[in-house]
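Going line by line, the protein sequences match chains C and D.
If you're matching positions, the first sequence starts at 3 in our numbering and goes up one per residue.
If you're matching positions, the second sequence starts at 101 in our numbering and goes up one per residue.
These are computed hints drawn from the structure, not numbers from a lab.
Watch out, some of these pointers could steer you wrong.
[To be verified] In silico lysine to aspartate or glutamate, EDC-like type, Cα no more than 16 angstroms apart, as pairs:
| # | chain 1 | residue 1 | chain 2 | residue 2 |
| --- | --- | --- | --- | --- |
| 1 | C | K192 | D | E286 |
| 2 | C | K165 | D | E286 |
| 3 | C | K176 | D | E388 |
| 4 | D | K344 | D | E388 |
| 5 | C | K176 | C | D163 |
| 6 | D | K518 | C | E197 |
| 7 | D | K665 | D | E690 |
[Claimed, not checked] Simulated restraints, written as ranges between beta carbons of each label pair:
| # | chain 1 | residue 1 | chain 2 | residue 2 | range |
| --- | --- | --- | --- | --- | --- |
| 8 | C | Q210 | D | G338 | 54 to 60 angstroms |
| 9 | D | E286 | C | G384 | 39 to 45 angstroms |
| 10 | C | D213 | D | Y133 | 50 to 56 angstroms |
The beta-carbon is built from N, C-alpha and C at its ideal position, and this holds for glycine as well.
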Amino acid sequence: MDTQADPIARKDSPVRLVPGLDLMAARLSAQEGFVLSRIAGETTVQLLCDGTGLGDAATIATLRTLYDKGFIIVADQRATPVVPRPPAAAVPAPAGPLSGSGSVELDERLGLDTAELAQVDTEEATGIDLKRELRLRLRSVRRRLKEMSFFELLGLAPDADAKALRRAYFERSKEFHPDRYYTKNLGPYKEMLAEIFRQSKAAYEYLQDEDKRAAYRVLVLAQQEEEQIERQLRRQSAEALEVVHLAGPPPPATPSGDEGSAEQSAPPLATPVVPSLPWRDRRDTAGAALFQRSLRERLVTSPRGVTTRPPTAPLVSAAVAARGPATVESVEADSAERASRRDRDQARQQRQRQQRVAGTLGGGKRKAQDYFEQGLKQLEEGKLLAAAASLKLAATFDPDNLEYARRSETVGREARASTADGYFKRALLEEQVGRTETAALYFQRAADASGLGLHLQRAAEGMMWLDDLKNAREYATKALQAEPNSVDARLVLARVLLAGGLKEHARREVDLALKLAPGHPGAKELLKRIKKA
Amino acid sequence: MEKVIGIDLGTTNSCVAIVEDGAPTVIPNRGGYRTTPSMVALAENGKRLVGHIAKRQAITNAENTVYAVKRLIGRKWADASVTAARESVPYSIIEGPHNDVRVELREKVFSAPEISAFILQEMKLVAQEYLGEDVAKAVVTVPAYFNDAQRQATKDAGAIAGLDVLRIINEPTAAALAYGFGKNIERKVAIFDLGGGTFDISILEIGNGVFEVISTAGDTLLGGEDFDRRIIDWLVFGFAKEHKIDLRKDKMALQRLKDVAEKAKCELSAVKETEINLPFIISTASNEPLHLQRTLTREKLDELTVDLVERTVHICKKTLREANIDKSELEDVILVGGQTRMPKVQEMVAEFFGLDPCKGVHPDEVVALGAAIQGAALLEEDSEMLLLDVTPHSLGIMIVGGLLHKLIEQNTTVPTSKSHIFTTIKDNQTSVKILVLQGEAERAEENELLGEFILTGLRRAPKGEVEIEVTFEISADGIVAVHAKDLETGQQQSITVTATSGLTEDEIRRMVDENKDYLVELRDNEEIEREKQALQKVIDEAERLFPDVDAVIAGSDFGKDAMSKARVVLDRAKSAVGMRERKAMTEAREALDRTLNMFRGVVSRSRAG
Ligand SMILES: Nc1ncnc2c1ncn2[C@@H]1O[C@H](COP(=O)(O)OP(=O)(O)OP(=O)(O)O)[C@@H](O)[C@H]1O
Ligand SMILES: [Mg+2]
Chain C
3 MDTQADPIAR KDSPVRLVPG LDLMAARLSA QEGFVLSRIA GETTVQLLCD
53 GTGLGDAATI ATLRTLYDKG FIIVADQRAT PVVPRPPAAA VPAPAGPLSG
103 SGSVELDERL GLDTAELAQV DTEEATGIDL KRELRLRLRS VRRRLKEMSF
153 FELLGLAPDA DAKALRRAYF ERSKEFHPDR YYTKNLGPYK EMLAEIFRQS
203 KAAYEYLQDE DKRAAYRVLV LAQQEEEQIE RQLRRQSAEA LEVVHLAGPP
253 PPATPSGDEG SAEQSAPPLA TPVVPSLPWR DRRDTAGAAL FQRSLRERLV
303 TSPRGVTTRP PTAPLVSAAV AARGPATVES VEADSAERAS RRDRDQARQQ
353 RQRQQRVAGT LGGGKRKAQD YFEQGLKQLE EGKLLAAAAS LKLAATFDPD
403 NLEYARRSET VGREARASTA DGYFKRALLE EQVGRTETAA LYFQRAADAS
453 GLGLHLQRAA EGMMWLDDLK NAREYATKAL QAEPNSVDAR LVLARVLLAG
503 GLKEHARREV DLALKLAPGH PGAKELLKRI KKA
Chain D
101 MEKVIGIDLG TTNSCVAIVE DGAPTVIPNR GGYRTTPSMV ALAENGKRLV
151 GHIAKRQAIT NAENTVYAVK RLIGRKWADA SVTAARESVP YSIIEGPHND
201 VRVELREKVF SAPEISAFIL QEMKLVAQEY LGEDVAKAVV TVPAYFNDAQ
251 RQATKDAGAI AGLDVLRIIN EPTAAALAYG FGKNIERKVA IFDLGGGTFD
301 ISILEIGNGV FEVISTAGDT LLGGEDFDRR IIDWLVFGFA KEHKIDLRKD
351 KMALQRLKDV AEKAKCELSA VKETEINLPF IISTASNEPL HLQRTLTREK
401 LDELTVDLVE RTVHICKKTL REANIDKSEL EDVILVGGQT RMPKVQEMVA
451 EFFGLDPCKG VHPDEVVALG AAIQGAALLE EDSEMLLLDV TPHSLGIMIV
501 GGLLHKLIEQ NTTVPTSKSH IFTTIKDNQT SVKILVLQGE AERAEENELL
551 GEFILTGLRR APKGEVEIEV TFEISADGIV AVHAKDLETG QQQSITVTAT
601 SGLTEDEIRR MVDENKDYLV ELRDNEEIER EKQALQKVID EAERLFPDVD
651 AVIAGSDFGK DAMSKARVVL DRAKSAVGMR ERKAMTEARE ALDRTLNMFR
701 GVVSRSRAG
């Protein structure tokens, strides 16, 4: 087909939503809705293929339908024909959000979902006189506010000194202080500005303390390194995929069921994993505020899975990716059965694909060996995460090599543990700073990466702070599974159950805890609360 | 862009400025002065006199001349400062209906915001005359240490004066804006502002057009007038020792003492000693006139006021300590306020900070300039300047034991918000009263009460069980909102706190109207006056001209007739002058002018012929 007539066929075509689109009124199939939800600002077809987990063919077909129905437009049409991207070079590593002291890049792809983007386009009529670009930026920053480190919030390099810190804060103030827009009709942006300003100010104040800044820096730098490696990993996996594309017809679906490859092919979309909530003191208040909602219902439905505002693709960590299918499921309203069948299908396709790579490509084995050696070298240099990445690639390129698989597995586990440790420390720090929601996010990441009892417990608590009782229960249950004899784990679960109004269940857990540790003060206290409730 | 003026509403002097073509400029008043005395008087004819004209007649009309009203604005009747003022000022201060303060002039009662409004109005007029157009928007400054009630009262004053007050900013902050404006500097500075009635110290961080207030403190009852009072006391005491007469009992004498004391004080900033001379200051019981004559040296003045200067230094010390700032971090100290011209003050400041005070700014004008700069920055599209202001006082609520629990500490940058969870103190308590307080005192009642509300419908439970989350929010324009939420039921109550300035909304509305009426009347009167003068001029000319004309034309019947008709016109004009009726005067003037036009020709022709 002529690419001029069918711009969707070109992977570098940037598509975007038709401005002012009323999503509520649009009649869409679940799949169309899902693909639509992946389009944030201008998004290339390539990114969407990577990001939907539906596979290129299905994604493109869906995009074409959306295009024909008039829901999306192609933003601009570049003259260059489609060519498979040469490995590495053509996929520039996304600028790290922490790199340099420049501002956090205005990237419309970051963190804004369709509903919000549509709002940006429709609110113009309400007399808000801020430029579209600024509105997008404000929403994007606000969305990611909880996720960003203090350095990121200020657009500051972690090794910055006091002077640079002040400059950064002043620059931020010039951008976000509501007085800058005194004459403007700000509408909802007034509160957004104030919120962003307040958080920048909090970051500034915290980092002003040399010691705190140093401690925070260590953690953030460690994570920055991890993120960089993750990005590299993605790049390499893209490379691997290109090889596959070159080798033969694209597989019907990109692998996403398999934990490992999901990690590799996760789209480069940073997303707010945490729903945006007002800043709140860390208190065990979960459940209390939202009493009106049916309690039982809240234990089985996650606030995230709301169909009207589907979450954007999960972040790169293996952890979140593992929950990927579940998220997709809630959007598509697939039955659990269909999901698991799809998982099985995808796993099979994945195996077939790997075999195909190995079989059709003479270079596969050699490449695998290269990666393997690289991995061992990185391991020696102490670059655990990079090593894990390389070894995983080696195992992917040569799935029959048991040595590769074994090493990949052990090193991968180690790397995950170290990642989890970093996340956990960061969470503790954020909790100490009072950024509860950020802390919750990192507890969750730590738990997902390590599966350690303690991490799971804290993740469960974090979910309670976020009022996400469904996930809280999941983590609490997992924590208990990890350490069946842990009194703490049982009490965490009991608290979650109590918050959800399941008094009897909660009580049962406390009773069991008291059997394990008679006279445990925490358990007794909780029992009292259960009786009163 | 709409015009916005900056007004420094001082205790003794006020100043108005504007940013024109990017340059901040002070606007001189009609008399060419760059500052205007903050004085308001009510003349015998009911006319308001503001500024220099009020100051000039102060001695002869002391009881009806208000000065230093800034010491009263937003204060309660029972405040110590009010009591002090009542003892020292010649005008009468009375209690208002809301525990507030009013002044009575010629049996008319005015609130403090009204008096301030008259000054603001004068500054507005000065600007309007200079600009040749109406001005409706202003940024007004207040001492950094003013509380919300005083700020609100100042805002009310603006409203009464017909001004939309965009923002109330702190005087030292404004001074810093003027100091740093247009300079590409990055540094920490101290602003030392000792004016007529208040002392303020602020520490700011300036960088790249951003002005961050780090800390601010002061004393709203310490200023140049206290220095004057020390001189007055010294004079009064000496006089009493000599003549056994207390000069303070005589209001006229007191006013003269005040004038002479200030004059001597200012002179001593330039010379080492000065003569104080008040002939016929008072008469003895036997009607013998007494004179006051003394020499005051700079040394003596320093001795009389040393504790005042020390107090300022002490406050500086405390401010730096609380803000955790070392003196060595400061790169400049800026002197603001007329009283900083006193050599001893400069000396002590230089010694304390270890810095030579900045010479580049004009102590009387910087504040107004800064206010104008902030006004322009708010209205400008892409201003290069941003002020990060702070709350000058802590905010919190009253908790058990009658204590203040602070939620927002003083010197917190706005906008800001803070939450805290509180709980019930009694079993089965079903409601809580939230008292919103401002201040630093531990005991709740020693702080300013900003507002209160009640959260009801709490679950009956043992004490300590029900949790209530209280959130304080301050917006960039300093508006305080307080929310209380029952965490169990989700029930919420909120208020937006507007400090009571001492005036109700109805009162403010009434004052706005009255002021407008007064202005309309004033304008009418002025027009009548102008018309009267114009008419009088024509009448005078007619009186001069008529005999000559008569001589020329009386010979003819036609001339006689014309002459008598002209006399009728002239008589009618003369009676119109007394009527103060504008329309009648205009008509009479026009008629007489027509007649004169005719006659002028006659006279010049006859002279030529
Ligand atoms: N040369 C001088 N030497 C000493 N004091 C002076 C001199 N000139 C003015 N003052 C004093 O400065 C005071 C007035 O200063 P300024 O005009 O800055 O005060 P203000 O702005 O009206 O008051 P505030 O800022 O406290 O409300 C008066 O007390 C005056 O006597
Ligand atoms: Mg002043």
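- Query: Given the proposed pairing of K192 (chain C) with E286 (chain D), does the C-alpha separation stay at or below 16 angstroms?
  - Reply: violated (29 angstroms)
- 16 angstroms limit on alpha-carbon distance, applied to hinted pair K165 (chain C) and E286 (chain D): holds (9 angstroms)
- Hinted pair K518 (chain D) and E197 (chain C), Cα distance within 16 angstroms: Holds, because 12 angstroms separates the two Cα atoms, which is no more than 16 angstroms.
- Message: Within 54 to 60 angstroms: is that where the Cβ-Cβ distance between Q210 (chain C) and G338 (chain D) falls?
- Response: holds (55 angstroms)
- Message: Run the distance test for K665 (chain D) versus E690 (chain D): straight-line Cα separation, threshold 16 angstroms.
- Response: holds (15 angstroms)
- 50 to 56 angstroms as the expected CB spacing between Y133 (chain D) and D213 (chain C), which holds or is violated: holds (55 angstroms)
- Regarding the pair K176 (chain C) and E388 (chain D), is the alpha-carbon distance no greater than 16 angstroms? Between K176 (chain C) and E388 (chain D) the Cα gap is close to 71 angstroms, so the pair fails against 16 angstroms, i.e. violated.
- Query: Within a Cα-Cα threshold of 16 angstroms, do K344 (chain D) and E388 (chain D) meet the stated pairing?
  - Reply: Distance of about 14 angstroms is within 16 angstroms: holds.
- Given the range 39 to 45 angstroms, decide if the beta-carbon distance of E286 (chain D) to G384 (chain C) lies inside it. With a Cβ separation near 41 angstroms, E286 (chain D) and G384 (chain C) satisfy 39 to 45 angstroms, so the hint holds.
- Taking 16 angstroms as the top limit, are the C-alpha atoms of K176 (chain C) and D163 (chain C) close enough? Not OK: K176 (chain C) and D163 (chain C) at ~20 angstroms, beyond 16 angstroms, violated.
In this structure, the hints that do not hold are numbers 1, 3 and 5, in rising order.
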